[in-house]
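Asks: Chain residues, written in single-letter form:
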Amino acid sequence: MRIPCPLCGPRDRREFAYQGAAVMLDRPAPDAGDAAWDDYLHNRANPCGETRDLWFHEAGCGAWLVVTRDTATHEVTGAELAETVASS
Amino acid sequence: MRIAGRGLDQGTTSVPFTFDGERLTGRAGDTLAAALIANDKRVVARSFKYHRPRGILTAGSEEPNALVTVGHGPQADPNVRATVQELYEGLEARSQNAYPSVDFDLMAVNDLMSPFLGAGFYYKTFMWPKSFWEKLYEPVIRRAAGLGALSGLANEDTYEKAFAHCDVLVIGAGAAGLMAAWAAARAGADVILADEDARMGGRLLAETEEVSGQPGHAWAADRVAELAAMDNVRLMPRTALTGAYDQGTFGALERVGRHHPHRPGKPLECFWRIVARRAILCAGALERPVAFPNNDRPGIMTAGAVRAYLNRWGVVAGRKVAVFANNDGAHRTALDLMAAGVDVSAVIDSRAEAQALGDYKLFAGARVIGTRGRKGLESLSLRQGDRTLRIEAECLAVSGGWNPSVHLACHMNGRPEWDATTLSFLPRSGMVPGMVAAGAARGQFSTAACLADGARVAADVAAELGLTPADTPVPDAEDRPYRIEELWAVEGRGRKWLDFQNDVHVKDVRLAAQENFRSVEHMKRYTTQGMATDQGKNSNVAALAVLADATGRSIPETGTTTFRPPYTPVSIAAMGAGAQGMGFAPRRLTTSHKASVDRGAPMIEAGLWYRPAYFPKPGDASWQEACNREVTTVRTAVGVCDVSTLGKIDIQGPDAAALLDFVYANTFSTLKVGRVRYGLMLREDGHVMDDGTTARLGEDHFLMTTTTAAAGLVMRHLEWVAQTLRPELDVVFTSATEHWAQFAVAGPKSRDLLDAVVDGGLDPAAWPFMACGAVDVMGVPGRLFRISFSGEHAYEVAVPARHGAALYRVLLAQAEALGGGAYGIEALNVLRIEKGHVTHAEIHGRTTAFDIGCEGMVSKKKDCVGFATSRRPGLLEDSREQLVGLKPVDPAGRLTGGAHLFAETADPVRSNDQGYVTSTCHSPTLGHDLALGFLANGRARHGETIKMVDHLRGVTTLARVCEPVFFDRKGERVRG
Amino acid sequence: MSVANLVVLSPCDGLLPGTIGAVSITETTPGRITAILPFKGQDDAVSVALKSALGVGFPAPGRSQAVGDVRTLWVGRGEALLMGADCPDLPGAACVDQSDAWATVEITGTPVEEVLARLVPVDLRAATFDPGHTARTLLGHMTASVTRTGASAFEIMVFRSMAETLVENLAHAASAVAARS
Amino acid sequence: MGVSGGYSGFRVLKEGVFGQKGWKPVWRDPDPKPDYDIVIIGGGGHGLATAYYLAREHGLTNVAVLEKGYIGGGNVGRNTTIVRANYFLPGNSEFYSHSLKLWEGMEQELNYNVMHSQRGLINLFHSDGQRDAFARRGNAMVNQGDDAILLDREGVRAHLPYLDFDTARFPIYGGLYHPRGGTARHDAVAWGYARGADRRGVDLIQNCAVTGIDIEAGRVRGVQTTRGAIRARKVAIVTAGRSGQVAEMAGMRLPIESHVLQAFVTEGLKPVIDHVVSFGMGHFYISQSDKGGLVFGGDLDFYASYASRGNLPMAEHVMEAAMTLMPAIGKARVLRSWGGIMDMTPDGSPIIDKTETEGLFLDCGWCYGGFKAVPGSGFALAHLIATGRHHEPAAKFRLDRFRTGRGLMDEEGTGSQHNLH
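Residue numbers (the numbering used here), protein chains in the order written: chain A, 1 to 88; chain B, 1001 to 1976; chain C, 2001 to 2181; chain D, 3001 to 3421.
Isolated chain A, as found in the complex (with noise of 0.2 Å):
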């Protein structure tokens, strides 16, 4: 499996740490409530098929990224910084 960095070019999985969906850029305010909390760490739509999920290229460059992919084939289909992401 190779993921394409957007600062690197495609890179070999062993690069990489994984950390799930990409909903945990979303992070709750501290006072929303154990309900909303519980949905960011926990609940997952886990979907089969597309996803945006979170890399890091760890044996890399350091840069945390939105991958989008799909769970079913492991078709990687787009790379973006997670900075970028979270930053618009």
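One or more hints might be untrue.
Here are the computed lysine-lysine pairs in the PhoX-like style, where the Cα-Cα straight-line distance is at most 20 Å [to be verified]:
id : chain 1 : residue 1 : chain 2 : residue 2
1  : D       : K3014     : D       : K3024
2  : B       : K1375     : B       : K1049
3  : B       : K1049     : D       : K3270
4  : D       : K3014     : B       : K1507
5  : B       : K1130     : D       : K3101
6  : D       : K3024     : B       : K1507
7  : B       : K1617     : B       : K1594
8  : B       : K1320     : B       : K1361
9  : B       : K1861     : B       : K1672
10 : D       : K3021     : B       : K1507
11 : B       : K1887     : B       : K1970
12 : B       : K1507     : B       : K1049
13 : D       : K3270     : B       : K1135
14 : B       : K1320     : B       : K1375
15 : B       : K1862     : B       : K1672
Honestly, the hints are just simulated from the structure, not real lab data.
Starting from the known structure of chain A, arrange chains B, C and D on it as the hints suggest.
Replies: Showing chains B, C and D alone in chain A's frame:
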């Protein structure tokens, strides 16, 4: 036997080897199988279940029968395919799965029992009495099962792994593959051409057909030479593609050093990770046998193998050969044999309209219905219409048609489709993204079609890559149509074997259907069909056809099982190359490593680092004595310990403090420049992630310290926060761990020590507890932190790592002059337990700030990672297990790590469990054992006596619950 | 920099140089190394300041720049190493001394790509990885910085504490390559 | 009641004499009825065991098990066959203990040889700290009434002399020995429960995919399937590897992310490994099947996936762990690899619970520990469906523990949020 004048390597040197201890001779270029055939060895193995005598079936890696052990001692290599193993001088091969010998195997008694040992019989018996399974049945079954044996000795051979990258990976170097590689290379692509055979050419080496007016093998040799001369082509013979993985990644196994006598240092095998923009699957096709009664006798081979042995190696497995097929391959085989002067006793063609193509006895519309010969084929019976005939034959060449090698194309869950013309499964396009099939791998069976297909597919691939395909002329070659008629199993008395190695026959498949194991997966699992070392390459399609027939469905309706990697088995040593011994993970060494080793310290692993456990001295009775001495040294004089392994992260920027406020539960923006503060870091789930001290070196400049074990995780976490949760913060950071060598200097005389090494001496007023700043250490710019893990007046002094070794020696010399010395992590652990400092034994991932008594550190005035979730009701309940100290009621009482805690009079069972012990030590300072642990509602129970029970070590001790600080509770010594 | 009492030891002290088959491995001494991490929006300013002070700018991802012995080497998102010169005053960036953090070796010889292909997952073929190209990647199980310095020469950097593992890994790979010929 | 008849050694001999002609289908292939008391979605190990115990323990036989493919085709047919009760956190401890007891009577109970082999399991440790952590675990096991023995280095050597005790990167300090741990023939477990349920009148309906869950006024009414609508008063979702998709039909989002876990089997070899060996530092565990194949695996590939296949980095890591731990198996050849879909919960422990929809039950989130749990899970879910009350040993497998933070069961201590296990 060897046929004069045949084979590609005639007249080459003879090669001595042994088989089951017998000295034999083959010739250079032989496989072990070819050499065994040349030496008239018929029974070369025993089958898995019934221990039936078996001979060589095929001429390739799909061989299910001829598995042998090569070599001896630690080099012994079980389950080697004799059909793949190249002969070399001194090769030592032994047969397997037979006792006392492959010719006379006592376990063959199983075959007599076979009427009772049908598919799945074991699910229905061996249940009584209950205890007999482990004691009797299972050991007997295990000993009878298995094929070869491992030596039991640690591997001593070299294996390696490597990466390769290319534009186009061509898999298989037969007619299609050579053309594909040639065409792709001429278009300018970087090409890797891999073939599992030692010699490239595929079936061109095994057949007599001409290509472009040359013998096929000669044409292949020319192409290979041409490719070898091109800079953009890498030829990888002896390399089997084992798996197709995501985004154009392939696994491949190269046999590097298996074709010659053992050469120390040379790898036996290399496991390749090949990354290709495109792949062309030219893996050819595998011939399938026909299931007829007693079709497993030695001497019965696939027809293609008979031709390969004859044409490539000049050997044949019997004086009289018969041929049985449902396709034209039968005739081709007969003609080749006759041309070589071999007696062809009959050609049996199941197709009624078949015509003889030469001067041989043809039985059209006939079938083989039985065979004779206990240790090898002697004769066969055939039925043609109403008549039955017996034909003498020592070798029977069988062809049930060809199965395209679609395996790699199926590795990503794609299912091949049934083709009613070729009676085979063909790959669909797109099954593996970027891979296309060409030639026989997609059902193109004539040489001409393979050549043309290879060229065409390669041209398409080159165009897709933006290259300009060069004009690649396709040479002339035979272009006969592939004519085949369905024939899977022949009725008649006797077992009709499908899976030769696992001893699955037609009746087993029918029994599975009869018992309603109708799904192809159920049938496979119930009968073990296709689960042998060939993974059904020889038998799956026929078994599927039998199942389809038994269940009244068509083959496509019945489906296929899944092909999964690897295509051919891969040794663990190859895929795990480099890891044996110390290679499994990097070793991180501090600058004081050598000095510690020189002092005899046992070095122990801590988060990839090595740290000294303790420093023994002559006369020490045990490690405990050394540890006690080091603890006392620190408490009474001064000790020195390398703490460079702790993670150090340099954090700078206008928002550096804001970042720290967000990642730490407590506040850092209020920290003064030149001061250090202890920080507690939470995971977003509200549990403690790590702890450590952070120093403020400047208004916008901090240095964070992490634990040794969590350094990498914390770095990842900081990047996470900075890049995704708080991207607006103007802050940057980088690891500074490796630049610095840092040493703890702890004990009442630590100031005296540092006063001697810090340039200008140490002004006590400038260095209160938790101060930090730059100092020069013997002329070297360094840093000093007045922090303490031991609870003593202590410092940590850091210099650039190039000076680390020297500084450590200076510090030790100074310490020794003051009556102190080095201390290791055993003593460090005792010191911190005496002070009640937590480590990852306590912050083990399941504990919260509340649990460890640091709830007050979680600032309520700001958000931080883990803040909201740490407020969940379940994480703040008094009933939670809370950090406590434990002291034995009897000072001689033992406290042990991992023991559980109970009320004094309660039975030590789960329902009474109240907690557990995390850390223990013997405190030389206090003269008894100490422990930290977690106890339900523990903070409210100080003073209570509880029972500590360690079932595993047989220890029960009454202990007093106390505050988790045992020494200098007011912290006077650190400040003193 | 060193004084009489605090002797200097290089990361690969006692481990190198070495020649195995047709490759040679030597420890190199890049001089002072400073990690430069520009603050928000300061990338260009930092690059200009570097360039005017030393002639080398802040490198693009995957690239290095050199003027004589002074180099800048991209080592990750928003971070480059300035090597071979004291760091000029760069108000727009954090500058962190890393002179002692790295073990740096040069590996040279005809089969050098083959040797590194045993350890590094990145495509280092000359066609795609020119002199001056650099990659943060793995070498065995270590994170590493790999830079092509010539037709048959690469510079490898790993953290100092792993110098021994680096030398062992390279030696193993080189031996296996040499044993094939 | 059933069709397949009793199994015994005598019967095997008799059928052998008569050419195996007397063996009848192990289960029927009924068409679905329009109405059942209970519908279980998922014909894997847990679903089949649930059906069996509903019939056996509660006399409930108007039950259908709906399987979209073939029975036992999910993780119960694709795992490393380890059966153990060596958990230590409250909730897990009592559950797996109960499950192991059910294993120990399974063959006689089901009249089916699942080849449960209590050959002993050894978890290795490599530091003093790990020894204490394993001591905590072992003591919890003994507290629970199970077996655990703390072995020192020489104790491990006596059991496993082929390990690398001298040069391995992570030196062996000792091991936690669980003599009652072992393996079983995985497919047989599914078939045994299927046969047992079928014999008691449960309808096992293969090739029947559920496409919708009918809910009216907060109460479950039945399911839509590829073979028509089926009414039911109670419906249980027991679909490991597809829990998220099926729960979505009921409007639920689960605390689950599905991952791939690879496993490997070598060619057959004469007996060489007699135990189950677990090497936590290398995320590696291994045993040898009765057929002779070394069956082993490692950690998750670590990316969400439904592809049932993995990639090379983790496969290589597993082989590397094998080589550093037991270099004597280097010449064994991997014959086949496969990937299972693991429904990972945040804390790594499962869920057996009611849902907010009345009559709808959930049995999911088994992470990579579902096989050993088959009997215990089936027993507990049947109890919950039949009585409306949690079975005591499974009472802590609650869905709301993540929201409340109460009773989290994070055995690995890596965190109770996704992708840390």
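Asks: For this structure, which hints from the list above don't hold up?
Replies: none
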